[in-house]
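Enquirer: Those sequence lines, one after another, are chains A and B. Here the numbering used here is used: position 66 in the first sequence is 66, and no number is missing along the way. Here the numbering used here is used: position 104 in the second sequence is 104, and no number is missing along the way.
Simulated from the structure, these hints should not be mistaken for laboratory data. Please note that a few of the clues may not be correct.
To be verified - Straight-line distance between alpha carbons at most 27 Å, and here's what the computed BS3-like set of lysine-lysine pairs gives:
1. A:Lys154 to B:Lys23
2. A:Lys165 to A:Lys141
3. A:Lys133 to A:Lys68
4. A:Lys133 to A:Lys154
5. A:Lys13 to A:Lys141
6. A:Lys141 to A:Lys68
7. A:Lys165 to A:Lys68
8. A:Lys141 to A:Lys154
9. A:Lys145 to A:Lys133
10. A:Lys165 to B:Lys14
11. A:Lys68 to B:Lys14
12. A:Lys154 to B:Lys14
13. A:Lys13 to B:Lys70
14. A:Lys165 to A:Lys154
15. A:Lys133 to A:Lys13
As the list claims (entries may be wrong) - A partial selection of chain B residues facing chain A, derived with a Cβ cut-off under 10 Å:
16. Gly7
17. Asp10
18. Leu19
19. Lys23
20. Glu68
21. Leu140
Claimed, not checked - Computed spacing ranges between beta-carbons, pair by pair:
22. A:Lys141 to B:Glu17: 28 to 34 Å
23. A:Arg3 to B:Asp46: 26 to 32 Å
24. B:Asp46 to A:Glu183: 15 to 21 Å
25. A:Ser172 to B:Glu22: 20 to 26 Å
26. B:Ser54 to A:Val2: 23 to 29 Å
27. B:Lys14 to A:Arg89: 36 to 42 Å
28. B:Glu17 to A:Glu21: 23 to 29 Å
Cβ coordinates follow ideal geometry from the N, Cα and C atoms, glycine included.
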Amino acid sequence: MVRTDVQLMLDVKAGDGNSFELLLQRYRTPLVNFLYRMVRNREQAEDLAQEVFLRVYRAREDYVPSAKFTTWLFRIATNLALNSVRDNRYQKLEVSIDAPVSVDAEDGDERTMDVPEKHPNIEQHLVEDARRKMIRHAIDKLPEKQRAAVLLHKYEELDYAEIAKILNCSESALKSLLFRAYEALRVELAPLVAQQARQ
Amino acid sequence: MESRILGYVDGRLKESERLDVEKHLAGCAPCRVRVHEFSAVSGLLDDLPLIEPSAEFNTRVYARVAAEPKAKASWWAWLHVSPRIAFAASMLLVMALWLGYRNGTPIAPVIPDNDQAMMQDLPVLEDHDVLQNFEPLKDLPVPSQTDDASDSQQQPQQM
């Protein structure tokens, strides 16, 4: 029988290390992806995800299952991500304009842009690559709270009540936040949206 | 309508809400366009692939967890830490009790001679009839007026 997150966390509280390992296995990929889409840097996303698990471990003795485990987990992750994004914003102002230009690949590596010379369908590859970059760029341009709302809603599939608790706002405020975010994405991705709508 | 369009697009509305939205969409072209566009945006967001955490991810988490200070131990946790010490202490206690009772006398605290004499006088000190007619007490000085006054203020009922 599959144990629920709350059962696992209560076992961690009782000193069961294996339950912590199960929670780690269950949530490491969603957390790393959420944080990667928030901060746009794989190494930083992994550091933050490790910090989330460490905080869960530290809080085990005081854990009370008063809310869903995912709400608690992603609340920690969102707060860390928002702080990190704000810190990065100030750091970027200090980066020299002489720094080498790099493009962040979807696989998470910060690497210089290159063209795969022996790709069987190079044109299709480039079109797909450009399309993904455009989508990522549109998400990156969203204000942090809107970005977090979209990622939690779209990729983590959390319900409105959970996301509202994570972002510390009412459900109606969250719906308004998501509507504004989708409006901004619609405008930013207008050429792709028109193309998608025709299909 | 603004708060319901996205819920309609991702299928999170209740049945009654969904029917309301569909009724509205039947007569509102701008909202129908918006639904199509939001569906397209949602489809585009699906195009971003997932990344896998690095192979060292779990190892790093375990290393950070291992570096954490141990949890605060409760007062009886020493029993778990050193059962031998606990066993030895309990055996010493049992031996001390057994030695005490072996000679037929329980272990009692040692009282000095002077204190023992005083303890023998305790029943006399508690006998009020004896104390009332005890001659040496009559030689004690009479309490001062102020003391009487303060006593009478504090205890007006006593005469």
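Enquirer: When you take the CB atoms of Lys14 of chain B and Arg89 of chain A, is the distance between them in 36 to 42 Å?
Expert: For Arg89 of chain A against Lys14 of chain B, whose Cβ atoms are near 40 Å apart, the range 36 to 42 Å holds.
Enquirer: Could one say that the CB atoms of Lys141 of chain A and Glu17 of chain B fall in the range 28 to 34 Å?
Expert: Since Lys141 of chain A and Glu17 of chain B have Cβ atoms about 31 Å apart, the given range 28 to 34 Å holds.
Enquirer: Between the alpha carbons of Lys145 of chain A and Lys133 of chain A, is the straight-line distance 27 Å or under?
Expert: Holds, at about 21 Å.
Enquirer: May I ask you to test the hint 15 to 21 Å on the CB atoms belonging to Asp46 of chain B and Glu183 of chain A?
Expert: 19 Å, holds
Enquirer: With 10 Å as the cut and Cβ atoms as the points, is Leu19 of chain B at the interface with chain A?
Expert: 19 Å, violated
Enquirer: For the pair supplied as a hint, Lys154 of chain A and Lys14 of chain B, confirm whether the alpha-carbon distance does not exceed 27 Å.
Expert: The hint holds at about 18 Å.
Enquirer: Is the interface hint for Glu68 of chain B satisfied, with its Cβ closer than 10 Å to some Cβ of chain A?
Expert: Hint holds; Glu68 of chain B Cβ to chain A Cβ min 7 Å, cut 10 Å.
Enquirer: Taking the beta carbons of Arg3 of chain A and Asp46 of chain B, is their distance inside 26 to 32 Å?
Expert: Cβ of Arg3 of chain A to Cβ of Asp46 of chain B: about 30 Å, so the range 26 to 32 Å holds.
Enquirer: Holds or violated: Lys133 of chain A and Lys13 of chain A, Cα atoms, limit 27 Å.
Expert: Between Lys133 of chain A and Lys13 of chain A the Cα gap is close to 43 Å, so the pair fails against 27 Å, i.e. violated.
Enquirer: Is the straight-line distance between the alpha-carbon of Lys165 of chain A and that of Lys154 of chain A 27 Å or less?
Expert: Measuring from Cα to Cα gives roughly 16 Å; hence the hint holds.
Enquirer: For the pair supplied as a hint, Lys133 of chain A and Lys68 of chain A, confirm whether the alpha-carbon distance does not exceed 27 Å.
Expert: Violated: Lys133 of chain A and Lys68 of chain A sit about 34 Å apart, past 27 Å.
Enquirer: Verify the proposed pairing of Lys13 of chain A with Lys70 of chain B, using a straight-line Cα cut of 27 Å.
Expert: Distance ~13 Å between Lys13 of chain A and Lys70 of chain B Cα, so the pair holds.
Violation of the numbered hints given earlier is confined to hints 3, 5, 6, 15, 18, 19, 21 and 28; the remaining hints are satisfied by the structure.
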